[in-house]
Amino acid sequence: MRARREFRNRRDIEVAVLDALVDRHDEGMTVFELRAAVDADIDTIEEALSALKGENLIVVEESQTRVLIHPDERVVPDPSEDIEDDESLFDRLRGRLGL
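Under full-length UniProt numbering, the first residue of the sequence shown is numbered 1, with each subsequent residue one higher.
Source of the hints: derived by calculation from the structure; they are not laboratory data. Treat each hint with caution, since some may be false.
[Unchecked claim] In silico SDA-like cross-links for lysine to any residue, where the CA-CA straight-line distance does not exceed 25 Å:
no., residue 1, residue 2
1, LYS53, GLN64
2, LYS53, ASN9
3, LYS53, SER63
4, LYS53, GLU33
5, LYS53, ARG2
6, LYS53, ARG24
7, LYS53, ARG35
8, LYS53, ILE42
9, LYS53, THR65
10, LYS53, GLU27
11, LYS53, ASP12
12, LYS53, HIS70
13, LYS53, ARG5
14, LYS53, ASP78
15, LYS53, ARG94
16, LYS53, HIS25
17, LYS53, ARG96
[Claimed, not checked] Pairwise CB distance ranges (calculated):
no., residue 1, residue 2, range
18, ASP41, ASP91, 36 to 46 Å
19, ASP91, GLN64, 34 to 44 Å
20, ASP41, GLY95, 13 to 23 Å
21, ARG8, GLU61, 17 to 27 Å
22, ARG96, VAL60, 28 to 38 Å
Where a beta carbon is used, it is the ideal one built from N, C-alpha and C, also for glycine.
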């Protein structure tokens, strides 16, 4: 699942983090799980998390044993929403070729 369209106009890493969090919005993710889901180094992910937290787009839940990150509810699309694919054919080819 992808974050709502109105939250996709930001840096690629921030969109990737939001998309990963939206995929697991019910259970949340740890920073290490995000690292496995997003193709970026930990410093870049932490920078993106900081920016998203500053805009109140993520919620950090701390328990005694671990810290879970969830997307804010307004970022998660309604399952009945029709999500359009924003990516053009050129973008998909460029991503597949790693450019």
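Under the constraints set out in the numbered hints, which ones does this structure not fulfil?
Per hint list: 15, 17, 18 violated.
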